[in-house]
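*Asks:* Take a look at the letters that make up each chain.
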Amino acid sequence: MVPAGQYHAVMPDQLGRTVSIVVLCLAAAVAIGFVTFGPRPGTSEHGDRIVLNYWEKWTGTEAQAMQQVVDAFNESQDRIHVNYLTMSSIDEKAMLAIAGGAPPDVLGLWSFNLPFYAQAEAILPLDLPDIVAETYAPAVRPLVFDGDQQLAGVNTCSSVALYVNLAHLDRAGLDYRNGGPPRTLEQFDAMIPHLTIYDEDGNVEQAGFLHMDPGWWHWCWPGYFGGQLYDVETDVATIDSPENIAAFTWFQQGQRRYGLDQLRRFQSAPTDNPSPYRNFLTGRLSMTIQGPWLARVIAERAPDLQWAAWPLPGPAGEPGAPAGPIECDILVVPKGAPHPEEAMEFIAFTQRQDMVELVSALHAKPSPLMEVSPEFYFNHLNTSIKVHEAILHSPNAFGTPAVATWPEMNAALDAGIDRIWNGDEDVAAVLADVQAEVNGQLERARVRRERRGQERFGVCP
Amino acid sequence: MKRFRTLTGLAWISPWLLGFACFTMLPLAMGMWYSFTDWTLLEPAIPIGMDNYQRLLGDEVVHIATWNTLLYLVISIPLLTVASIAMAVLLSKPARFQAFWRVAVFAPSVLPLVALATIFKLMYDAELGAMNKGLSYVGIDGPNWFGTEAWAMTAIILMNLWVVGPAMVIYLAALRDVPRDLNEAASLDGVSWWGRLVNVTLPMISPVILFNVIIGFINAAQVFVVPYIMTGGGPNRGTYFWSMYVYDAAFKYGDMGYASTLGVVQFAAILLLTLGLLLVGRRYVYYRGGMT
Numbered sequence: 000m001v002p003a004g005q006y007h008a009v010m011p012d013q014l015g016r017t018v019s020i021v022v023l024c025l026a027a028a029v030a031i032g033f034v035t036f037g038p039r040p041g042t043s044e045h046g047d048r049i050v051l052n053y054w055e056k057w058t059g060t061e062a063q064a065m066q067q068v069v070d071a072f073n074e075s076q077d078r079i080h081v082n083y084l085t086m087s088s089i090d091e092k093a094m095l096a097i098a099g100g101a102p103p104d105v106l107g108l109w110s111f112n113l114p115f116y117a118q119a120e121a122i123l124p125l126d127l128p129d130i131v132a133e134t135y136a137p138a139v140r141p142l143v144f145d146g147d148q149q150l151a152g153v154n155t156c157s158s159v160a161l162y163v164n165l166a167h168l169d170r171a172g173l174d175y176r177n178g179g180p181p182r183t184l185e186q187f188d189a190m191i192p193h194l195t196i197y198d199e200d201g202n203v204e205q206a207g208f209l210h211m212d213p214g215w216w217h218w219c220w221p222g223y224f225g226g227q228l229y230d231v232e233t234d235v236a237t238i239d240s241p242e243n244i245a246a247f248t249w250f251q252q253g254q255r256r257y258g259l260d261q262l263r264r265f266q267s268a269p270t271d272n273p274s275p276y277r278n279f280l281t282g283r284l285s286m287t288i289q290g291p292w293l294a295r296v297i298a299e300r301a302p303d304l305q306w307a308a309w310p311l312p313g314p315a316g317e318p319g320a321p322a323g324p325i326e327c328d329i330l331v332v333p334k335g336a337p338h339p340e341e342a343m344e345f346i347a348f349t350q351r352q353d354m355v356e357l358v359s360a361l362h363a364k365p366s367p368l369m370e371v372s373p374e375f376y377f378n379h380l381n382t383s384i385k386v387h388e389a390i391l392h393s394p395n396a397f398g399t400p401a402v403a404t405w406p407e408m409n410a411a412l413d414a415g416i417d418r419i420w421n422g423d424e425d426v427a428a429v430l431a432d433v434q435a436e437v438n439g440q441l442e443r444a445r446v447r448r449e450r451r452g453q454e455r456f457g458v459c460p
Numbered sequence: 000m001k002r003f004r005t006l007t008g009l010a011w012i013s014p015w016l017l018g019f020a021c022f023t024m025l026p027l028a029m030g031m032w033y034s035f036t037d038w039t040l041l042e043p044a045i046p047i048g049m050d051n052y053q054r055l056l057g058d059e060v061v062h063i064a065t066w067n068t069l070l071y072l073v074i075s076i077p078l079l080t081v082a083s084i085a086m087a088v089l090l091s092k093p094a095r096f097q098a099f100w101r102v103a104v105f106a107p108s109v110l111p112l113v114a115l116a117t118i119f120k121l122m123y124d125a126e127l128g129a130m131n132k133g134l135s136y137v138g139i140d141g142p143n144w145f146g147t148e149a150w151a152m153t154a155i156i157l158m159n160l161w162v163v164g165p166a167m168v169i170y171l172a173a174l175r176d177v178p179r180d181l182n183e184a185a186s187l188d189g190v191s192w193w194g195r196l197v198n199v200t201l202p203m204i205s206p207v208i209l210f211n212v213i214i215g216f217i218n219a220a221q222v223f224v225v226p227y228i229m230t231g232g233g234p235n236r237g238t239y240f241w242s243m244y245v246y247d248a249a250f251k252y253g254d255m256g257y258a259s260t261l262g263v264v265q266f267a268a269i270l271l272l273t274l275g276l277l278l279v280g281r282r283y284v285y286y287r288g289g290m291t
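From first to last, the protein sequence lines are chains H and F.
One point on numbering: in numbering that gives the first Met the number 0, the residue at position 22 of the first sequence is 21, and numbering is uninterrupted.
One point on numbering: in numbering that gives the first Met the number 0, the residue at position 45 of the second sequence is 44, and numbering is uninterrupted.
Among the clues, some could well be false.
[What the hints assert, rightly or not] One side only, chain F facing chain H, incomplete, derived with CB under 10 Å: (1) LEU41; (2) ALA82; (3) ASP254.
Quick caveat, the hints were computed from the structure, so don't treat them as lab data.
Here the structure is a predicted model, which is why all the values come from computation and not from measurement.
Using N, Cα and C, we set each Cβ at its ideal position, and we do this for glycine too.
The following block holds chain H by itself, in its conformation from the complex (with noise of 0.2 Å):
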C-alpha cells in the first residue's frame, strides 16, 4: 500500500509506465492483426490478365446461365479475366460503389434503373463495334440508347404475357381452340365468371383472374388502354389522363368482381407451393399475368400444368400488334470502373447474337436482338415464346417511364393503387391526388439538372 503521503509522487510513475505498456500492447496488437489479416498485394490467380469484376442481380439457374457466357468469355481470349459476383440490392449497392469511387467494372441493372444513372452521369457511353440501334426490337432501343449514344448492353429481356390454364377453359366450355385467344377486353372479362368457382360456403375456391396475384406490374394497366404514365418528349406526368383513369376503374373492377373479404381469403388460403405464382402452379387462379421465366418454373414445380401464353387484350392492342409491358436486364460500365476499355470488350461479347440466345433460351425469355436465329425457337423452355417475342417487336410494347425520378414516382403510384385496390376510393381523385405528387417530383428534378446544367435523359438527338 503507498503511504498517504507518497501516492501523488509514485502514481505518475506508475501510471506513466501502464500508459505506455497499454499504448505498446495496442500497437503491437494492431501491428499482428495488420501483418496476419491486413491487405495483400495482388496474387491473381490469372496470370498476367486484367481481371473485370462483374457485379450481376441473378442467383440460381439464372447467374448460371451468365455463368456461361462469362466463361466462354474467359476462354475466348487471354487478356482479360471476368470475375463474376452476383448480389442482392445491386442498385443500392452500386450507387454506394460509384459514390465511394469503388464500383466494379461491369455492372448488370434494370433497364427502370438507367434514366437515374445517366441523368447523374455514373455510367459511360458505350462505344460497341458493329451494334447500332437497330441491332435491337424498337422497345428495347429506349431502354439502352439516350439519343444515338448507346449506355447500356442488353442481358436479356422480357415482355409481360397472360399465362392460362388451359384445362379450366376446357372445364368451363370455353373454346379457345376454335375461337382463340380473347380479341377484346370485353371477351376477356366475359371469361372471367365462367372460370370462377365458389366452395358451398360461398369462397373462392377457384379465380377466373387476379390482378393483383402477384401484383408486380401494377404500372402497367393504362398501357393496355393507350395510356402512359408520362410523356417524355414534353416531361409531363399524365397519370389522371382519361385512358389512365378507364384503366384502373378496370383494375378496380377487379377487386370489386370477388370483394375484398373473399380476395383475402383466397389469396391466404393454405397451399403446398410456397412459390409467388402458388395460385396459377396449383390450379386455383385460371389467368394471370407474367414474364417469360413462368414457363421454366413450370416445367420445373408443376410439369403438369396444361398451359398457354397470349397477350393480354386492351383497347391499345390487337392480335398484330399487342400491347404489353417489357423491361431489360442491362449491363453498363460505371463512372470511375478502373478497366472501361476492357469491360466494354465483355460488354460487346455478351451482345454477340449467340451469347444473347445462350442467355435469353436459360432464362426462358425472347430474344432482345433483331436477328433470331431458327435454333433460338428448337427446344425452347417456353412454348409460346412466339407471344412473348410479338409483344417485345410490338409498336404497343411499352415500358417504364424514362424519368431519373421513376422510384419516387412509382412510390407515389404505389400509394394510390393502395387506395383504389383496398380503400375502394373514387379512381379519378386518387390519381388527381398521385398526378400532383409527381408534379412535385418533376419540378424539382428539373430545378436540379439547371442546378447542374444538364440535359434531361431522353432528349438528347
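Position chain F against the provided structure of chain H, taking the given hints into account.
*Replies:* Below, chain F alone, put in the same frame as chain H:
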C-alpha cells in the same frame, strides 16, 4: 501534475474519442452540411441554402411520416411502459420457476428484430396466422391486419410489446432497490397493495421510469426494421415512418441531400423532445438522494 493527469486520462479514453469523432461527430457534421445541399450521391453536392428545409415543410409525405411516427410514439411508449412495469412487478414476486419466467420474458429481446418481424408477419396473416386463429377460438373474427392503415399500425404497435424484456430487467433491478421499510410502514398503516404500488413503489422507481421512457422514445422515434419488413410502409403509407423516408430518399431516390435534411430534423426533434422529457421529469420524478 494536473496536465499530466489530464493527458493520461485522454490517452486512456483516446480509442473511444477517436471512434466517437470519426463515426459520430464527423458524420453528424457532414450530414448537417449536406442537408443544405443538392446531392444525389453520384454527383458533387451543390449548396442550395434552405431549399431542402422549405421543401420539407410542404412535403405531403413528410406530413404523413410525421403523423405516423407521432401516433406510434404516443401509443407505443405508454403501452410498453405499463407492460414492462407490470411484468417486472409480477416477476418480482416469489414464484415457482421464477428464473424461468424471467428468462422467458427476456428471451424475445435477444432475437434479431428482422427475424421477429418476419415471424410476426406470418402470425398476422389474416387466414393462416396464429393471431386470428387465437381470436377465432374466443369467437372473434380477426381483422385483415395489413389490409387497412389502422390495423397495420395496431399490428406494429402490438408487436413492439413483444420486446419488453430489456425495460423489464431494468425495472426488476429498480424494484429490488425500493426500501422495504417504506412498504412495510405503508402496509402497517393499512394501505392496500395498489395504494403501495402507486404511492410508494412507482415514485421510488420514477428515475428508472424516466430513463426507460427516454430510451424507449429514442428507439421508437427511429422505428424502421419492423414496419419495413412487415408492411413496407403500407397500406397507403399508413405505416410509413420518418426513418423509412430517410432511407428511401437516400438509397431509393438517390436524394442524399434531402435525406440528410430529414435526418437532421429527426435528430433535432429527438434531441428537443428528450430535453423536454427531462424537464418534465424534474417535476415528476423523485430522486432519493436529491438531484445533483
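*Asks:* Give a verdict on every hint.
*Replies:* Each hint tested on the structure:
no.: 1; hint: LEU41; result: holds (4 Å)
no.: 2; hint: ALA82; result: violated (29 Å)
no.: 3; hint: ASP254; result: holds (8 Å)
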